[in-house]
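K.L.:
Quick note, the sequences are listed as chains A and B, same order.
Note that the first sequence covers residues 0 to 174 in numbering that gives the first Met the number 0.
Note that the second sequence covers residues 0 to 60 in numbering that gives the first Met the number 0.
Be aware that one or more of the hints could be misleading.
[Unchecked claim] DSSO-like mimics (lysine-lysine), calculated; alpha carbons at most 30 Å apart, straight line:
#, chain 1, residue 1, chain 2, residue 2
1, A, Lys-162, A, Lys-151
2, B, Lys-14, A, Lys-162
3, A, Lys-106, A, Lys-8
4, A, Lys-151, B, Lys-14
5, A, Lys-151, A, Lys-8
Please keep in mind that the hints were generated in silico from the structure rather than gathered at the bench.
So the chains spell out like this:
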Amino acid sequence: MIFPPSARKLILTLHVVTTVGWLGAVIVFVALAGIGLTASDPATVRGAYLAMEPAAQLVLVPLALLSLLTGIVQSLGTHWGLFRHYWVIFKLLITLVATGILLVYMKTFGRMARVAADAGAEIGVVRNASPALHATLALVALLLATVLAIYKPRGMTRYGWRKRHDEDVPGGGQD
Amino acid sequence: MADRPEYPGAPRWVKVAAAIAMVLILILLLLLLLRDPDGHGPGRHLSLEPGVEVGAALRTG
């Protein structure tokens, strides 16, 4: 089903806002992770790891899920489809994998926050390189998805090819 | 009714990207197998356990 132009613009706006918001939030996490690893003030180090869990719950997870949802709705409501073009499939896979890893990683955020909240834990124990690695990889993945969305490299799947030519036939290829 | 033209196949960028993705997945799986002899999940070594100092973890690998 192809959405009318007003609905397409609304969904596209929501998708761009949530996806770019997610990208921006990941950049903030790269900064937080860097602060946690390099700051000399123990309170700042603990604060960085304490802030990650609620920030991820309140910002990263909702934006990731909304980006995924609006992306799927957007593709199904336009001629691009979800499985017709390779760039859409790649972008979907990147978003699915990044969201899945984020959801699994929430436990690690919780563990790091508990260690940071423990006043008896030494600062060397509080510091953790894992968020820097994960946030950097997430940033690369989301930048790649953004490039795909903007450049839309050519290439139809076999399914997309068949649907397009069936739709050229009068009465054929109803989704 | 006109015949459907033959499918031209996936473009080169798709094949290259798929190959890179496969290599990355393979490397990740190898890392998981090599670093995880006890059969724990990826969270065990992709994140440090509480009480493991960063420097100590890097030294011991």
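K.L.:
Output the numbers, in ascending order, of every earlier hint that fails for this structure.
P.N.:
3
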